[in-house]
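K.L.:
Sequences and hints are given; from them, build the entire structure.
Protein chains: 2
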Amino acid sequence: MGERLIVIGADAAGMSAASQARKRRDHRDLEILAFEKSAHTSYSACGIPYWIGGLVDQQDDLIARTAEQHRDRHIDVRIGRTVTSIDVRNRTVTVDDDSTHEFDQLMIATGGKPKRPDWPGIDANGVHGVQTLDDGEAVSASIRHTKAKRAVVIGGGYIGVEMAEALIRHDLQVTLLERGDQPMHTLDPDMGALVAQALRDYGVDVRTGVTVKGIETRDGWARAVTTDDGTFDADVVVLGLGTTPNSQLAADAGLPIGPTGGIVTDRRMRLPGHEGFWAAGDCVEVLHRVTGRPAAIPLGTHANKQGRVAGINIGGGYASFPGVVGTAVSKICDLEIARTGLQEKEAEAAGFAYATATIESHTVAGYYPDAAKVTVKLLAEKSTGRLLGGQIVGGAGGAKRIDVLAVAIWNQMTVEEMTGLDLGYAPPFSPVWDPVLVAARAVSDALRA
Amino acid sequence: MGERLIVIGADAAGMSAASQARKRRDHRDLEILAFEKSAHTSYSACGIPYWIGGLVDQQDDLIARTAEQHRDRHIDVRIGRTVTSIDVRNRTVTVDDDSTHEFDQLMIATGGKPKRPDWPGIDANGVHGVQTLDDGEAVSASIRHTKAKRAVVIGGGYIGVEMAEALIRHDLQVTLLERGDQPMHTLDPDMGALVAQALRDYGVDVRTGVTVKGIETRDGWARAVTTDDGTFDADVVVLGLGTTPNSQLAADAGLPIGPTGGIVTDRRMRLPGHEGFWAAGDCVEVLHRVTGRPAAIPLGTHANKQGRVAGINIGGGYASFPGVVGTAVSKICDLEIARTGLQEKEAEAAGFAYATATIESHTVAGYYPDAAKVTVKLLAEKSTGRLLGGQIVGGAGGAKRIDVLAVAIWNQMTVEEMTGLDLGYAPPFSPVWDPVLVAARAVSDALRA
Chain A
1 MGERLIVIGA DAAGMSAASQ ARKRRDHRDL EILAFEKSAH TSYSACGIPY WIGGLVDQQD
61 DLIARTAEQH RDRHIDVRIG RTVTSIDVRN RTVTVDDDST HEFDQLMIAT GGKPKRPDWP
121 GIDANGVHGV QTLDDGEAVS ASIRHTKAKR AVVIGGGYIG VEMAEALIRH DLQVTLLERG
181 DQPMHTLDPD MGALVAQALR DYGVDVRTGV TVKGIETRDG WARAVTTDDG TFDADVVVLG
241 LGTTPNSQLA ADAGLPIGPT GGIVTDRRMR LPGHEGFWAA GDCVEVLHRV TGRPAAIPLG
301 THANKQGRVA GINIGGGYAS FPGVVGTAVS KICDLEIART GLQEKEAEAA GFAYATATIE
361 SHTVAGYYPD AAKVTVKLLA EKSTGRLLGG QIVGGAGGAK RIDVLAVAIW NQMTVEEMTG
421 LDLGYAPPFS PVWDPVLVAA RAVSDALRA
Chain B
1 MGERLIVIGA DAAGMSAASQ ARKRRDHRDL EILAFEKSAH TSYSACGIPY WIGGLVDQQD
61 DLIARTAEQH RDRHIDVRIG RTVTSIDVRN RTVTVDDDST HEFDQLMIAT GGKPKRPDWP
121 GIDANGVHGV QTLDDGEAVS ASIRHTKAKR AVVIGGGYIG VEMAEALIRH DLQVTLLERG
181 DQPMHTLDPD MGALVAQALR DYGVDVRTGV TVKGIETRDG WARAVTTDDG TFDADVVVLG
241 LGTTPNSQLA ADAGLPIGPT GGIVTDRRMR LPGHEGFWAA GDCVEVLHRV TGRPAAIPLG
301 THANKQGRVA GINIGGGYAS FPGVVGTAVS KICDLEIART GLQEKEAEAA GFAYATATIE
361 SHTVAGYYPD AAKVTVKLLA EKSTGRLLGG QIVGGAGGAK RIDVLAVAIW NQMTVEEMTG
421 LDLGYAPPFS PVWDPVLVAA RAVSDALRA
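Protein chains in written order, with full-length UniProt numbering: chain A, 1 to 449; chain B, 1 to 449.
One thing to keep in mind: the hints can contain errors.
Pairs involving identical chains hold if they fit within one copy or between any two copies, as the list cannot separate such chains.
What the hints assert, rightly or not - Here are the simulated DSBU-like pairs of lysine-lysine, each with C-alpha atoms no more than 30 Å apart in a straight line:
id, residue 1, residue 2
1, Lys23, Lys382
2, Lys147, Lys345
3, Lys373, Lys23
FYI, nobody ran anything at the bench for these hints, they're computed from the structure.
P.N.:
As structure tokens, this is what we get:
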């Protein structure tokens, strides 16, 4: 009288769910069958830029668990197989080998879809997204094949700046094209400007306010990127334009899609109105705890948490996903970048009246070796005084301080109360006033002003 | 019709108060007169081990503001002057030059008093506490004078382990004598054992369960430390036995002293029942937010915060000190050590029933360069599930994660809720599950077991 769980997508969310469900129900009680369109399971997509850049030795290092390892735990993973449709009424999925499979429980973990504009030349050799391990391999192959000297990265988000670093490590001349005023548009422009300056100091040719028109090709290979601001020669072109929820399969089946384009779930990762249907990872939208509105935030750590929640519930336990506050960190060479909560444009869009303050401090006591500069910007709501968001740009040890802000936002702390927080202090770790506390004091003052 | 503020002790707490009061009231409205028994004002005592160890170049680097700089802001600091008594009724202080000074407001910031047992030989040359800049200079002079080869550090607390590192940097053979089962008694013994092992790996001869009996001397200089477990040769002896609140002056004046031996204040750092009397820093006791009981925790960051609160209030503003959760961090060579909240023996003493879990993880993604091991131990209350305490021992980037735990404890979060926290994730900063989250999951499971 066993059930069958079908998992669509065998990466972070899907396989976390499968593992948790398996932990609670053995294979006689729950058969688990997973379909994965790529050649790999359970890998760290976030690690790809570091592998391309040579900081991570081998592709295998990024794979947490292979299909064989999953099979050893009675999770039957079929790699290289794409689910082409879901029949909600009959509870079946159809696969690209024309097979059809019944399910009792369905876990949709179809991930994100990299934005890929319809530019002329976009499909040329040497033009790459950076989402899958195959993409990573292809970038490396292009660099070797073309004996590349010049690279253009299109888009200045996380993947864009991380890939800029990876390409610098290959001694390429790197140009970063960004449509907006500054790279890292998840930061406010004043903080993004610090990132732009650092990129330039590292030798990246940062061009902002640039609209790409297409890719020039020769013999099927990319040769240059054409824009409204001139043409940029390129042996390799990397697309870092972000992703959208890959929810088409669910939408085609009539399953609920929200305003962000992500699949709608409840807090236990169930599809409302569809018993036994679950979804998790980059394909879903989740509660943003600051705005109270849904948000689609593609990030491995969310995918893992949501997958775990779904799996515990499928396994008969109880777990719920509490939402996000928008925390993200990144690193380019020595520069650390972090944000949480709302940036100014998000706070405005959500209708908050807010004050801001930006301070400069050091990552450790100013007199301690390797003290690095760090800039912290905070937003606080005018009426309640609570922290709405924070951004950090600085040297080693700066970015993970974002966690203090994330936990403070989570608990709806006021910036005034934050000034008293008992954070760890010793000269190798912090000035006597942690930069986060200095910033909390500054924005408290700004609220009173 | 101006008032006079007298400040006793011109270090972190006293001068933070003076600065904040001055910011709000000019010198015609408020005269500020400060007495400092040492030769220096506003210095970082916490930096002394790093200066002795050569990580900080110059003594001056540790001085945030000199007496002259304070005088430029109309804060009259008299260095090398000790206040010998307070006349509460007549509102005067007497100084060791037999002068007497009236006050309207009195700020008591007499700091901590290093424990200095009545051992034979304790006053010999070459035996040093590490509290003031003068102490730091004396240790360095002793090392030079004796061409020291062997050092004994007595006491395995923060100062003890930090001094062990400083002395290793001078290529001394270092023995650390600790009375308890493990060094770092602010950690549980299982976590302290990790510190002991690391110290041994760095070449420190760690002896635990050892009771010191005295110092052997020759020609007035220390030659060895005698214990119940043998005699340890020493050219230099460093005392790291902790401090107690230096509250004798206040006690002699009949001012309120609490159960910890610290001066009693309210949240605004006022002495209850004594209008215009204030105290802050290592000489006071404060609310421990987890036990709800008073605690005396000597730490520069608390002294600065409390001094600031007192100064704002003296200046006519409103500020309050919210108490502490017992956060502390330290570092010995590459090993980072941190704790917050209650350790097991404190939780027992406070009457909590609790569960614990200890996990091992990495500071960054396991595949990323320089991923270091980190061990996290959490305590959670059985009935409520809330986090009571946390301890971290590990490599670079480990210790400051204590801040996440500190903010969680501050907000009385349950460990179950913590498993969903939106902490910063990217491979150079964290595994996909931050070690703190892994630990929260483990202790959640332990609560249910």
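K.L.:
Taking the hints in turn, state whether each one holds.
P.N.:
A quick look at each hint next to the structure:
With identical chains, the CA atoms of Lys23 and Lys382 are at most 30 Å apart between copies only, with a shortest distance of 25 Å across copies and 47 Å within one. Taking the closest pair of Cα atoms, Lys147 and Lys345 never come within 30 Å of each other, the shortest separation being 42 Å inside a single copy and 63 Å across copies. For the homomeric pair Lys373 and Lys23, the shortest alpha-carbon distance between copies (26 Å) is at most 30 Å, but the shortest distance inside one copy (46 Å) is not.
Going through the hint list in order, the structure does not satisfy hint 2, though it satisfies all others.
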